[in-house]
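There are 2 protein chains.
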Amino acid sequence: MANPLTPDVLLDPVVLTRALVDIESVSRDEKVIADCVEDVLRKAGHLSVRRLGNTVMARTKLGRAQRVVLAGHLDTVPVNDNLPSTVVDDLIYGCGTSDMKSGVALALHLAVTLPDPRYDLTYLFYEAEEIESEYNGLNLVAEAHPKWLQADLAVLLEPTYGLVEAGCQGTMRVRVHTRGRRAHTARAWRGVNAIHAMGAVLRRLEDYHPRTVTIDGCTYREGLSAVRIGGGIAGNVVPDECSIDVNLRFAPDRSEKQALEHLQEVFDGYELEVTDSAPGALPGLSAAPAREFLAAIGLEPAGKLGWTDVARFAALGIPALNYGPGDPALAHAPDEHVEIGKIRDGSATLYRWLAD
Amino acid sequence: MANPLTPDVLLDPVVLTRALVDIESVSRDEKVIADCVEDVLRKAGHLSVRRLGNTVMARTKLGRAQRVVLAGHLDTVPVNDNLPSTVVDDLIYGCGTSDMKSGVALALHLAVTLPDPRYDLTYLFYEAEEIESEYNGLNLVAEAHPKWLQADLAVLLEPTYGLVEAGCQGTMRVRVHTRGRRAHTARAWRGVNAIHAMGAVLRRLEDYHPRTVTIDGCTYREGLSAVRIGGGIAGNVVPDECSIDVNLRFAPDRSEKQALEHLQEVFDGYELEVTDSAPGALPGLSAAPAREFLAAIGLEPAGKLGWTDVARFAALGIPALNYGPGDPALAHAPDEHVEIGKIRDGSATLYRWLAD
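Read top to bottom, the protein sequences are chains A and B. Here the first sequence stands for residues 1 to 356, numbered as in full-length UniProt numbering. Here the second sequence stands for residues 1 to 356, numbered as in full-length UniProt numbering.
Think of the hints as simulated: they come from the structure by calculation, not from any bench. Note that beta-carbon positions come from the ideal geometry of N, C-alpha and C, so glycine has one too. Treat the hints with care, since some could be wrong.
[Unchecked claim] Covered by chain A, per the in silico footprint, the following chain B stretches (three or more residues, Cβ under 8 Å):
{"#": "1", "region": "198–205"}
{"#": "2", "region": "227–234"}
{"#": "3", "region": "302–314"}
Just chain A, with the same shape it has in the complex:
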């Protein structure tokens, strides 16, 4: 196949978005798109290019005092009868338009058109963000080649609809158990009903008042939600076991350890088991490139509430933020689309910030 990412296409981030969308790249099937991207980056000449699996890394080596990573994932969720792309007025429709090939287009356009940026730049186009983290290209690079990620700031071009969303909240899931004693329901008083006992746990959830925390001007709104409940043995048995899964979304001023301590306090007296946990990431907007980026964009940052790959950079001590043209509410939707105006705005902003 001839590479559809021709020099002409690369010159216009809107045209480039469509071209990238039209290279189907569902998670675990990113070889073709990674080949096309690697080819383009190698031809650029001013970049040093490396590859790991279907993740492609390219960087400038200009000896600048500071380095910025621009990162985007190449994969999409499964196609939902929404390829190839179509254009209706100012909108490009298609799988991956918002999440996040429009963001990838901004980075790839910069990579080939800006040989002399204000900071040294590292471009990272990675595989398998939409699936289990064992396949996540950013994760694999962090393990195999952590030096590829070293920088003073990372910008993930995930959909934010042109806003700056900094850091991210952590997430922890715990299972809370209640125990009882089995009995036949015809002699219910001989048993202790573990489902009835769960009432007191639900009461604590109802009475819970989540915090709202502001850090570096970014506001994080916490939440504590039951996400599953289960119990019961048979239609005529008083059950001796019930469990509930609870998801805490916590602001990045709490560590995972502190989040767990908080949950132990909320569910004091109950058996509690952690089933899943990921740390948050502080916004880290005090670094010079971040301050300059905020100046270039002219917007106040907001806190990112969902968990994103910025936390993987934070775990390496690298401040990270999300900034992309897509609308996050449209990610994974069958009518996924992106506004052409948002792509042009985003490209102009990045140039304003990065062109020396």
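Please build the complex by placing chain B on the supplied structure of chain A, with the hints as guidance.
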């Protein structure tokens, strides 16, 4: 196979119990035992015998003013490494010893040894009591040949450990739903959590005070138990649906309609769906044969809390009670057994009552 229920065996209800136990007859596999029982009854001469599937009915036609049914099921739960039977001191061990071949032995012994009872007697040895009611032999007879069941009193020889347990409680299962609105748990405040909403339902269960009701000297203790709870969509989704299954065991002074009205009152304001229901049965101990039975046994009756086939007789307007030598707590247990003394006591009591 020669019929192991020989004339000698039939003369002793203890020996007969062992012989019946040793004819394996797990539900849906009752042909052999039904053949043996039918053969014995036909040979008795004074009985008129009929068969439906693996259910055998035999009756006297002496023109007595009153008729009593003696009924027992031939099937057992699956064998649990507890056949053939063994005897240790006063105990016979084995699958079905308590539930309810010792009871069947009492009836079969009477059938062949008491040609001239005080009332006309109908013996009913039926299949498939331990499984879904569509297979239940008593049920099938009630549909196909309701006249076989006509009587002034029915005695089910289910295990009661030699007590008289009269009538039975009804049972009703309802599903109570709570609804909410889905949202991502990172933005939990945009949703309404249906699991949290279930807290108020559980509170009503915790606060519930069940009635204790005495009818004809029999005490019935009601109960309201959650038997299943379920809800949840994914680990990061505020769920919009949760449901709980609740089992009401109700005294026979309530009809099914009244039981439902009661549940509608308890769960007022919630969506409620009946998933299963069976009426209770009044003890009906005022009929003459019942009063004479109580006099012969010399014990106060108790209310039956679990649902049993007596309710099938009650539905036909026939008072019914449970009376058998087995211990109900041992039914379905791997170490199921019956006391030889209880078999002899039961046989003597029935003779005292029924021999003219």
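Against the structure, the hints:
no. : hint    : verdict
1   : 198–205 : holds (count 5)
2   : 227–234 : holds (count 8)
3   : 302–314 : holds (count 3)
Against the hints set out earlier in the document, no violation occurs for any number.
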